[in-house]
Amino acid sequence: MTSEKSTAADQTMIEFKDVHKYYGDYHALRGITATIKAGEFFSLLGPSGCGKTTLLRTIAGFEGISSGVVMIDGKDMANVPANVRPTNMVFQSYAIFPHLTVEQNVGFGLRKDPRSAAEKAKAVAEALEMVGLKGYGARAAHALSGGQRQRVALARALILKPKVLLLDEPLSALDKKMREQMQMELIKLQRQVGITFILVTHDQEEALVMSDRIAVMFEGEIAQLADPETLYRRPNSRKVADFIGTMNFLPADILSEVDGKVEVEAKGFGRLTLDAEQVSVAPGSSSASIGFRPETLTILFDGQTATDRESKAEVVEVVYYGDMTYYDIKLEGTTEPMRLSMRNVFGRPVLDIGTQTRVAWSPGALVLFR
Amino acid sequence: MKGGWFRGYTIFYLIFLYAPIILLPIFAFNNATTIAFPLNGFTTAWFGKLWDDPALHHALKNSLIIGCSAAVISTCLGIFASRASSRYTFPFKTPLMGLIMLPLVMPDIILAVALLTVLLGIGMPLSLFTVILGHVLVCTPFSIAILSAAFQSLDQSLEEAAYDLGETPVSAFRLVILPLVLPGIISSLLITFTISLDEFIMAFFLAGNENTLPVYIFGQFRFPQNVPVILALGTILVCLSIALLATAEYFRRRGLAKTGGKDTGGFL
Chain A
29 MTSEKSTAAD
39 QTMIEFKDVH
49 KYYGDYHALR
59 GITATIKAGE
69 FFSLLGPSGC
79 GKTTLLRTIA
89 GFEGISSGVV
99 MIDGKDMANV
109 PANVRPTNMV
119 FQSYAIFPHL
129 TVEQNVGFGL
139 RKDPRSAAEK
149 AKAVAEALEM
159 VGLKGYGARA
169 AHALSGGQRQ
179 RVALARALIL
189 KPKVLLLDEP
199 LSALDKKMRE
209 QMQMELIKLQ
219 RQVGITFILV
229 THDQEEALVM
239 SDRIAVMFEG
249 EIAQLADPET
259 LYRRPNSRKV
269 ADFIGTMNFL
279 PADILSEVDG
289 KVEVEAKGFG
299 RLTLDAEQVS
309 VAPGSSSASI
319 GFRPETLTIL
329 FDGQTATDRE
339 SKAEVVEVVY
349 YGDMTYYDIK
359 LEGTTEPMRL
369 SMRNVFGRPV
379 LDIGTQTRVA
389 WSPGALVLFR
Chain B
387 MKGGWFRGYT
397 IFYLIFLYAP
407 IILLPIFAFN
417 NATTIAFPLN
427 GFTTAWFGKL
437 WDDPALHHAL
447 KNSLIIGCSA
457 AVISTCLGIF
467 ASRASSRYTF
477 PFKTPLMGLI
487 MLPLVMPDII
497 LAVALLTVLL
507 GIGMPLSLFT
517 VILGHVLVCT
527 PFSIAILSAA
537 FQSLDQSLEE
547 AAYDLGETPV
557 SAFRLVILPL
567 VLPGIISSLL
577 ITFTISLDEF
587 IMAFFLAGNE
597 NTLPVYIFGQ
607 FRFPQNVPVI
617 LALGTILVCL
627 SIALLATAEY
637 FRRRGLAKTG
647 GKDTGGFL
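Chains A and B, in that order, are what the protein sequence lines are. If you count the first sequence from 1, you need to add 28 to reach my numbering. If you count the second sequence from 1, you need to add 386 to reach my numbering.
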């Protein structure tokens, strides 16, 4: 599996061209077109049944496609079976062979490797060390914990030095603490080996934490493909905005549109002008709304003044989280409560329900959906 | 007291089930030709007589040939069917599997008469081979029942992982699937062998001039003086059956433990 091409940073590793997949009448993938760059940590994010796992499996070769093209490193994968593709996979169930030892599992893919047994044993030991399982080689695989199985699965895939490592919800079976630890380890590991990682996940936080770029999928289509920050700050539809983090929506009326700049009137916020990059146009929606994240609004305590804009509001619900306090507030003139979050820095009071207060905000943090 | 009634019922049930079998060794070691209490004295003469009966040896040899053949053939068929039913979806899968499992509940005598009619119709002479055919028919559903559990407890990702790591479908089956279902295969071989060894009706109808062990035993009951010998033989067969089934269950459980599957109940 040697390639003459150098895997430079911007080189395309995987290319989907109008990929469709049908299961009988069910249209699982609806015209996927996307490129994944070499060396990138790429995530496929979406609710269950959105086609993200199917898309991953078309890369691995476990799933054929009905039409379109899947290319890996410039080669069409149409007639290339899974066992010769330059990809390796970490399965959701880890798929550790229960009848083999840890060592035998990790070395499984080296069976046809021409290297000597001693060299292979060395490679296995190195792979185990890389995933933090040094000295576990002789253990029976079925006696491992979930986190350890995960590591064995990683070592087993990475030992073959694939061009692409596919990860199918690898952290979903772990508890919260273990999951967060593995997230950090996976990021480090990816930087260390420089292989393209493609992660399938339904956990938006996991995708934001780990990825260089994320494709958000709904119903067999990619809704938005962007880096985590763009995805969070400038979601291109209400659906994406809803799926990633929390977003508040306020109904808005569009007054005028000049050179891409849109003037809107929203209750609670008043009259605003938004830049073109703050405007998302989703097909098929008729009503417009303003969206903003909970942390983009700040409560003004006595004596504080807003640097940009301020509005009057009433506290209707308070949820105290220790490091954060979540408020539901009603902006003056509105009926729907909006979620607002404040970091509990030292000396800052927690407001009671019913308190009349003022909130500061900035038009730049708003997004217009229509 | 409620618990007392249940306990009494259980004890009575177990006596009803196993007392006749316990009588077998008792009279097999009893120094009398009549099967009645009180016992006369201890002897192993009846076991000794088993050695001197060439007809018995011939029947035993037949039974072993039939048992081994039926076990191997029905286990092979069982592997195909359970692999297909656990791995693939195809039209009419449920009714097809149902039809394959039907001999499990169909009266053996119906099957035997039907097979006999067909064999006579196509002019195939009755022999050990025809008994093997009949026994395969009876044994295959048992084999499928055992092996389906083994195949279904396998994570399908295991096979995909093997492809992913460079193996072909054939080598993936050999390196991953086969070792994991091997305990189930051994269990199936032992149980189908035991079933074939004990089977009477098929053998009675389809053996022609040949004898199998159960048919021979049935024949010997015409001679009252031979009954204690038959009880001795029966004792050996019971012990052998228990040993075989226990071994089979051991392998079935070991297989489940290996794959980490859930125990959904076997035959023991």
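It is worth saying that the hints were derived from the structure and are not from the lab. Just so you know, these numbers come straight off a predicted model, no measurement behind them. Take the hints with a grain of salt, since some may be wrong.
Claimed, not checked - Okay, the calculated beta carbon distance ranges per label pair:
1) A/Arg58 to B/Gln542: 49 to 57 Å
2) A/Ser200 to B/Phe559: 22 to 30 Å
3) A/Gly59 to B/Cys462: 53 to 61 Å
4) B/Gln542 to A/Lys103: 54 to 62 Å
5) B/Gln542 to A/Thr40: 40 to 48 Å
6) B/Gln542 to A/Gly59: 24 to 32 Å
7) B/Gly484 to A/Lys204: 23 to 31 Å
8) A/Arg167 to B/Tyr399: 42 to 50 Å
Said to hold, decoys possible - Computed footprint of chain A on chain B; a stretch qualifies when at least three of its residues, placed anywhere within it, have a C-beta under 8 Å from a C-beta of chain A:
9) 421-431
10) 492-498
11) 541-548
As the list claims (entries may be wrong) - Using 20 Å as the maximum straight-line C-alpha spacing, the simulated EDC-like pairs for lysine to aspartate or glutamate come out as follows:
12) A/Lys191 to A/Asp104
13) A/Lys267 to A/Glu249
14) A/Lys65 to A/Asp270
15) A/Lys189 to B/Glu546
16) A/Lys358 to A/Glu293
17) A/Lys191 to B/Asp439
18) A/Lys150 to A/Asp104
19) A/Lys340 to A/Asp380
20) A/Lys358 to A/Glu338
21) A/Lys191 to A/Glu249
22) A/Lys140 to B/Asp494
23) A/Lys140 to B/Glu545
Where is the CB? At the ideal position from N, CA and C, for every residue including glycine.
So, going through the hints one by one against the coordinates:
| no. | hint | result |
| --- | --- | --- |
| 1 | A/Arg58 to B/Gln542: 49 to 57 Å | 26 Å, violated |
| 2 | A/Ser200 to B/Phe559: 22 to 30 Å | 29 Å, holds |
| 3 | A/Gly59 to B/Cys462: 53 to 61 Å | 46 Å, violated |
| 4 | B/Gln542 to A/Lys103: 54 to 62 Å | 28 Å, violated |
| 5 | B/Gln542 to A/Thr40: 40 to 48 Å | 32 Å, violated |
| 6 | B/Gln542 to A/Gly59: 24 to 32 Å | 28 Å, holds |
| 7 | B/Gly484 to A/Lys204: 23 to 31 Å | 46 Å, violated |
| 8 | A/Arg167 to B/Tyr399: 42 to 50 Å | 46 Å, holds |
| 9 | 421-431 | violated (count 0) |
| 10 | 492-498 | violated (count 0) |
| 11 | 541-548 | holds (count 6) |
| 12 | A/Lys191 to A/Asp104 | 15 Å, holds |
| 13 | A/Lys267 to A/Glu249 | 13 Å, holds |
| 14 | A/Lys65 to A/Asp270 | 27 Å, violated |
| 15 | A/Lys189 to B/Glu546 | 18 Å, holds |
| 16 | A/Lys358 to A/Glu293 | 17 Å, holds |
| 17 | A/Lys191 to B/Asp439 | 73 Å, violated |
| 18 | A/Lys150 to A/Asp104 | 34 Å, violated |
| 19 | A/Lys340 to A/Asp380 | 16 Å, holds |
| 20 | A/Lys358 to A/Glu338 | 14 Å, holds |
| 21 | A/Lys191 to A/Glu249 | 25 Å, violated |
| 22 | A/Lys140 to B/Asp494 | 51 Å, violated |
| 23 | A/Lys140 to B/Glu545 | 17 Å, holds |
Hints 1, 3, 4, 5, 7, 9, 10, 14, 17, 18, 21 and 22 from the earlier list are contradicted by this structure; the remaining hints agree with it.
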